[in-house]
Every structure is written in structure tokens, then in C-alpha cells.
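Number of protein chains: 2
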Amino acid sequence: MHNPEEFTAVYKPVVEKALAEAVSYRGPYDGRVWEAMEYSLLAGGKRLRPLLLLLAAFAVKGSYDEETLQCALPFACALEMIHTYSLIHDDLPAMDNDDLRRGKPTNHVLYGSGIATLAGDGLLNLAFETMLDAVKADPAPGKIRAAAAIAHAAGPHGMIAGQTADLLAEQKQEISEEHIQFIEHNKTGQLLAVSLAAGCDLAGGSAVMRQTLEDAGFLFGRAFQIQDDILDATGSAEELGKSTGQDETNGKATFFSLYGLEESRRQVRKLSDEAVGLVETIPGAPAGLLREWILRLINRNR
Amino acid sequence: MHNPEEFTAVYKPVVEKALAEAVSYRGPYDGRVWEAMEYSLLAGGKRLRPLLLLLAAFAVKGSYDEETLQCALPFACALEMIHTYSLIHDDLPAMDNDDLRRGKPTNHVLYGSGIATLAGDGLLNLAFETMLDAVKADPAPGKIRAAAAIAHAAGPHGMIAGQTADLLAEQKQEISEEHIQFIEHNKTGQLLAVSLAAGCDLAGGSAVMRQTLEDAGFLFGRAFQIQDDILDATGSAEELGKSTGQDETNGKATFFSLYGLEESRRQVRKLSDEAVGLVETIPGAPAGLLREWILRLINRNR
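Respectively, the protein sequence lines represent chains A and B.
Count along the first sequence from 1, add 822, and you get the number used in the numbering used here.
Count along the second sequence from 1, add 822, and you get the number used in the numbering used here.
Some clues are possibly wrong.
[As the list claims (entries may be wrong)] Only some residues are given here: those of chain B computed to face chain A with a beta carbon under 7 Å:
(1) ALA970
(2) PRO978
(3) ALA983
(4) THR986
[What the hints assert, rightly or not] Label pairs and their calculated CB-CB ranges:
(5) A:LYS926 - B:GLN995: 23 to 33 Å
(6) A:ALA831 - B:ASP887: 50 to 60 Å
(7) A:ASN1123 - B:LEU1080: 58 to 68 Å
(8) A:GLU1102 - B:GLN993: 52 to 62 Å
(9) B:VAL1030 - A:LYS958: 18 to 28 Å
(10) A:GLU1102 - B:VAL832: 28 to 38 Å
(11) A:ASN919 - B:LEU891: 21 to 31 Å
(12) B:GLN1068 - A:ASP1095: 52 to 62 Å
(13) B:GLN1033 - A:ASP1095: 57 to 67 Å
The set of hints was computed from the structure by calculation and includes no laboratory data.
Heads up, the beta-carbon is just placed ideally off N, CA and C, and yes, glycines get one too.
Full structure from sequences and hints, please.
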């Protein structure tokens, strides 16, 4: 592995093949919910969380070995299922009411809100089913720790707290910076941070290494979110494959809307420097690639 | 324990105390989703699934001991969280659009559809977080098997398949008996069957005993569902604490609507006899109480 592009070229298809297999089932009267699950799960995207988990596991292990990959893959898939379920539910008319995602109609536009609700529920359940089947087949302590950490990060102490704070923020006139940070820390940060921390668990990393990676994940998550807001405000729908200017239209407060473009860009640089500084404490080639990949992701323009 | 009433009087408060503790948290900007979760989780109800799990565990163990209770309690709570999340999502305008549940306004009527969606998601996540924390604290094989089985029963191979088939059935002119059986087997049956099977796992029961209890759970589930449909058609909202006549109003096909009252009652008796016959193969006093309780539940009038 010489660069992030090569890493992505090798492991993204591995993740996507496993995801496709996980939603290939069709029962006699339930085919439509599996189609809806498949539609959103296989709609593309960066596969950021599963690839972060795999790369963190390789970084902690110090090598790109097959054993680490096979151990980590079910958990990588579970993260993508959880991320996708949260997007399906976020897009619902009852929530953000968004009709375009990754350049395609959102789930409820195609399948209706009832099936879209169930498809989200289905993917969340399937994420835990996938992890628990892996634990049942081989109850290694690292797998149990990873599954428990992912449950915490996705749940009401994690991502759902952020989604709630986000939903309530839209109904307010003014939002404090603390409120915005709470949203970003939980809605985006928790799942990104646990991608790195769970990767460490699965590769048998130390408690110190785990904390370092989790901290780096939260810093990266904040930088990634602010960059997302910058792109929403300055990019085009064509470039991004999703509706832009949504934050402004919805009167949504973000770090960007509070502090403007220049300060947002400065903040992104500061946070990404800190994140990369933390990952630098981990030796080996895969950790170097993780640093490079984090920088590349933060400095993306789509 | 001399009868089902005594069992319920002792263990229902234990379950409800643990449930109350699980949703007592309030974060700085996410309090509303916790309130919504608490509202539905503590809205009463029979606590059927958690109590079935506990009684199955006691039946397999052959005693009402504290160790079995403490081992099984997190899984009992998880089942009630999963059941409650499914009710919150089922009641949403995008699904059944029901505004009365257990004699109280449904979650979205009080909190709005956005928060209700998140409260459902929150309870589902919390169920897995609760089980995985228990597994992490003590990774006994029976706990891992129980958690994996519950994930399977709740997910798109289980309850969600039934909810999907149910939602699609409402859009059809005519429904086959096979389609109705698929709905009942999955939407109600899977979670009831896994209540008994997971209880067996947690108490370290044999594979034969587990299969017996799972089969009994599915038979009980069918009987319970047909009895539910009979009550929906013949009971009053006041008696039941929920809207009645909903199935007919929604043009919903059920065993009752296909075969009428007399045949439905006959079927309930037949299924409950079969379920009880299976449980009779398990020796000991708690198994006797489980049989008696199943009969009592099926022959309820509210």
C-alpha cells in the first residue's frame, strides 16, 4: 500500500462485496424492505467508516494481513449499515425531508415513508446481527469490546443524542456554539471516533493506543463536519451529488454559519493537524497511511 | 411462586425498575429523546416478553434463583425495549397512523414524528447496548447466543419481515392465508419465541430444550395474535386501552377476518394446547407455572 488511493482501490470493493451479500436475501413477502435496504446500502459513497475501521486495525497490527481483515470485516460492514440507516431516517419527511442523496432519490421518495422507516430499522438490526454472529462464531474479547463500543456510539448516548440536538436546533432562533459542538461531537463524531477505536479493539491494541485513536477520531470528525458545512455552502449539487445550500435554506446553524469561511477553514486545518499529530504516535507503515488518508479526506472538495 | 399472579407481582416491578433506570439519563441537548423513550417504555403494558424470558430461564434452571435473575435481566429489558421501539415506529403516520396506545396518546402525537422516530431508534440501539454491556462484563456463551438470537428475531429475517408483509398487505385487495401466517409468524411470533429460546440460552439449557421452547413460543405467538384480533373485533377501547375495530376500519386481513369468530376461537384453543403440550416435557415447578401462565395469557379478555 503506497497511498490512500491504492488502499481504497483494494479494500473498498472488499467492503462493498460483503455489504452486497448481506442484503441479497429475499423472503416471500418481505422482498420490498430488502430491496429498499439494498438500494441505500449500495448507493455508493466513500465507505469512510468501514475503511477507517480496517485501516485503524491494520495500523495497530502493523501489517495488512488477511487475519485482521477477516476479523474486522463484519464490524466494518456494521458501521456502514448503521451510517446508512441514520441517513435513511434523517432524510424522512418527519426529519430533514430531503429528496436527493448521493445524486439519487432518497429511500422514502422511491419506496414510501413506511418501507423507508422499516429499511432503516432493518439495517440497524442487521448491523448488530452481523456483529453478534461474528462474536458467536469466535468470542474474542476485542470483538465484544468493539461491538459494545459501536452500540454506545450509535445509540442515545451517541449519534442519536446528536440527531436529537440537531432536530431541536432547527426549531430555535439562536444556537450556542456549545450546542453546535454537541451536535457535531455526537452526530458525526461518535461514529467516526468509534471506527478508529473499534479497529484498535479488533487488532488487540493497548488502552493508550485506543484512547489516542478515539481522540483522533473525534478531532477528525469535527474537521470533517466543518468541511462538509463549507462544501454545503460553497459547492454545487452536481459536484457533491446531493442538495446544497440546504443548511442556509433550513436556517441551520453550523460552525460555518457562525464564524464564516475563513475561520472555518482555519479551524479545519487546526483540528486536522491535531488529529494527525495523535496518529503520529503509532509506529509503522499502515499508521502513516492512516495519517495521509485523514488529511486527504479533510481537504477534499466533494 | 404459586400462580401466574404471584410471579407477575414479584418480577414485573423488578423489570420495570430496571427499565426506568435504563432511560433515566438526560444529556444537555438531548433530553427530549430520552423523555420520549421513557414515555413509551414506562407506559405500562403486560411486560410479556421480559417476563416470558425470565420464566423460561427459571424453568430451564428449575429454580427461581437470584443468579439466573441477574444474568437474564438485561436481556429481558432489551426485549421490552425492542418491543416498544417497534410499537412507536408502527404507530407513526408513515405506518399505521395510530394515535392511541395503552389508553394514552402515541409517542408522535406528544413528541412529533421526528423525535418519535429517534426515540424508536434510541430504544433499539439501547437494547443492543444493554445486552452487549452484559456480555462485555461476563462473556458467558449463553449470553452471546441469546443476544445473537434476539438480533436475528428482531431484524429483517424476523420481526421486520413481518412488519413489511403487514404494511404491504394493507395495500392489497386480497390476502392469502399463507401471507397472514407469514405476518403473524414474524411480526409477533419471532420476538415471543426468542423470549423463551433466549431464556433457555441464558440458563444453559440443552439444544433439545431450546428447540422445544422456541416451537412453543411460535405456537403461543400465533394463539396470542389470533386472540388479539378477536379482542380488536369484539372488545371496546375502554376495556383494552387502545383503539379497537382498527383492523376492520383499515381493511386489514387477519385469521379472524378470514374465518370468523368460532373458527378463530377453536384455532386459539388448538394452538395453546400444542404449546402447553411442548412445555410439559420440561420438569419442575417453574415450567408448570410457565404452562399455566401461557394458558392464562391466551384466554385473556384484555
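Hint-by-hint comparison with the structure:
1. Given the 7 Å rule on beta carbons, the hint for B:ALA970 holds: about 4 Å separates it from the nearest Cβ of chain A.
2. The restraint placing B:PRO978 at the interface with chain A holds, with a minimum CB-CB distance near 4 Å, inside the 7 Å limit.
3. Contact between B:ALA983 and chain A, as hinted, is supported at the beta carbon level, the nearest pair being about 4 Å apart and thus within 7 Å.
4. Taking 7 Å as the C-beta cut-off, the interface hint given for B:THR986 holds, the closest approach to chain A being about 4 Å.
5. For the hinted restraint 23 to 33 Å between A:LYS926 and B:GLN995, the CB-CB distance of approximately 32 Å keeps it satisfied.
6. In this structure, A:ALA831 and B:ASP887 meet the distance hint of 50 to 60 Å, their C-beta atoms being roughly 57 Å apart.
7. Look at A:ASN1123 against B:LEU1080: about 59 Å separates their beta carbons, and that is inside 58 to 68 Å.
8. A beta carbon spacing of about 57 Å between A:GLU1102 and B:GLN993 agrees with the range 52 to 62 Å that was offered as a hint.
9. The hint said 18 to 28 Å for the Cβ distance between B:VAL1030 and A:LYS958, and at roughly 20 Å that hint holds.
10. The given range of 28 to 38 Å is broken by A:GLU1102 and B:VAL832, whose C-beta atoms sit roughly 58 Å from each other.
11. Look at A:ASN919 against B:LEU891: about 46 Å separates their beta carbons, and that is not inside 21 to 31 Å.
12. B:GLN1068 and A:ASP1095 have their C-beta atoms about 59 Å apart, which keeps the hinted 52 to 62 Å range intact.
13. Between B:GLN1033 and A:ASP1095 the beta carbons are some 58 Å apart, a value that agrees with the proposed interval 57 to 67 Å.
Hints 10 and 11 from the list above are not met by this structure, while the remaining hints are.
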